[in-house]
Every structure is written in structure tokens, then in C-alpha cells.
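Visitor: Sequence:
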Amino acid sequence: MKYFFKRLLKLNLGLFLCAVGIVSTLNAHIGYAPWEVFHVGLTKTIDMSLGTASILTGLVILVVAVFLGEKVGLGTILNMILIGIFIDVIIYSNIIPVLNHFLLGLLMMIAGLFIIAIGSYFYIGSGFGAGPRDSLMVALNRKTGLSIGVCRGIIELSAVFVGWRLGGLVGVGTIISAIGIGFSVQITFKLLKFNAARVRHETLDQTLKTLRYKKEEISVVEEASVNN
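Read left to right, the sequence shown gives residues 1 to 228 (the working numbering).
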């Protein structure tokens, strides 16, 4: 159980850092990252918070990914819910300033991408499953036979186009984010000597079975202790 809660803490820390990185790229104000273009566009169309838009988008994507045959993990569900909640909390607390200077905005954008990469390190390393958007990417790869890169590109370009039509901000930061996130993750993982491909993710069913087994094991130990 101690190991399980250590992994859970690692997962939540990673999701929080991802939210910090996302808000940093937003407040850089030089163009939103692909999915944030869509989320912001959605908030301008429907009266809701940015975090709520992120959660609803994740839910729809998750349903599609499951329909296409992808497995759901605890991390998939918490990714969908907690990042949106963390984003709203960070935005409303005003702890990250909104910049109106291109050079400073560029530096904040780059910093935000590296924060997201560090968050991904913790989140992926917990082994609780991929997020909804990553699950959809994998599902498309499996169903179409297209490369992961092409599938990710199709998804993110679609998000940018729809978000732009809805009023999301597209700028140089959008291009930097789309290209830079891969480099940020690669550099971060290399420095931390982390190989994401070696992580064995467990499904929600496997997590629940593990918890039931641990609960039964604890009950047996407690019963034996009482009898002694």
C-alpha cells in the first residue's frame, strides 16, 4: 500500500505540474498551445471556465478512445479531471502573471513547456495509464496504421483549426509549442535518464484488483494479530 500511495502522489504531482506548465504557456500571451487554442475557443462559445472546458473535452475524447478499443487507467481518469481543476485554481489565484512583452512571453512559453515535460515524467512514471488525448493518439495509430507522429499531428491540427474558428488565440507561440513540446520532453527525459517505453501501465481493473488484494491481505494480517 505504501508503494501504491507513493505512485499516486507521483501521479498527482505530475498532473499539477502539467497544469502549471499549461497556464504558463497561456499567460505567455504569444499564442496558445494547440489544445489550449481549442479550450479557450470553447470557453468563448460556451460560458464555462477553462478548466471545465479541458475536463469536458477530455471526457469526450476518452469516450471516443474507449469506443476505439483503448483501455482506461486510474491515471486516464485523474488526468481528465485534475488537470482541469488545477488549471482553474492556478488561474483564479493569479500566481502566474499575464505577460505583454514578446521576449518575456517567449521565455515563459519555453519554461512552461519544460514544466509540462517534468510533469509528464512524474505522471507517466507512475504507471497508471495514459491521458485521454494520448489514448486517442494511440487508438488512431492502431486503427489507421499511420505513424504516431502523423496521428498526433492530425489531432492537434484539428484542435487548432476548430479552436481558432471558435476564437482561440493562434500565434507564434502555437508553432513554438507544437514543435517545442517534443524537444522539451526529449531533453527532460534524457537528463532524468527516463525511458517512457519501459513503463508498464496498469488498467483501472488491474488497479482495483490490486487494491482488493491488498485490503484482503491487511485483513488477514489483522485477524492473525488479534488471534495471537
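These are calculated hints, taken from the structure and not from any lab test.
Among these hints, one or two may not hold up.
Below 27 angstroms or equal to it, Euclidean Cα-Cα: the simulated DSS-like pairs (lysine-lysine) are [what the hints assert, rightly or not]: (1) Lys143 / Lys10; (2) Lys44 / Lys2; (3) Lys209 / Lys71; (4) Lys209 / Lys6.
Listed next, with one range per pair, are the computed distances between beta-carbon atoms [to be verified]: (5) Arg142 / Thr210: 23 to 29 angstroms; (6) Tyr213 / Gly167: 47 to 53 angstroms; (7) Leu68 / Val199: 40 to 46 angstroms; (8) Val170 / Tyr3: 41 to 47 angstroms; (9) Leu107 / Val199: 42 to 48 angstroms.
As the structure is a computational prediction, the values presented were derived from the model and not from experiment.
We treat Cβ as the ideally placed atom computed from N, Cα and C, and that holds for glycine.
Visitor: Does each hint hold? Answer for all of them.
Guide: Hint by hint, here is what the structure shows:
Straight-line distance between C-alpha atoms of Lys143 and Lys10 comes to about 32 angstroms, which puts the hinted pair past the 27 angstroms bound. Simply put, Lys44 and Lys2 have alpha-carbon atoms about 44 angstroms apart, too far for the 27 angstroms limit, and the pair is violated. Using a Cα cut-off of 27 angstroms, the hinted pair Lys209 and Lys71 holds, with the two alpha carbons roughly 15 angstroms apart. Straight-line distance between C-alpha atoms of Lys209 and Lys6 comes to about 18 angstroms, which keeps the hinted pair within the 27 angstroms bound.
The given range of 23 to 29 angstroms is respected by Arg142 and Thr210, whose C-beta atoms sit roughly 26 angstroms from each other. Our hint of 47 to 53 angstroms for Tyr213 and Gly167 holds, since their Cβ atoms are close to 50 angstroms apart. For the hinted restraint 40 to 46 angstroms between Leu68 and Val199, the CB-CB distance of approximately 22 angstroms leaves it violated. Taken as a hint, the range 41 to 47 angstroms holds for the pair Val170 and Tyr3, whose Cβ atoms sit roughly 44 angstroms apart.
For the pair Leu107 and Val199, the beta carbons lie near 31 angstroms from each other, so the given range of 42 to 48 angstroms is not met.
Of the hints listed earlier, those the structure fails to meet are numbers 1, 2, 7, 9, in rising order.
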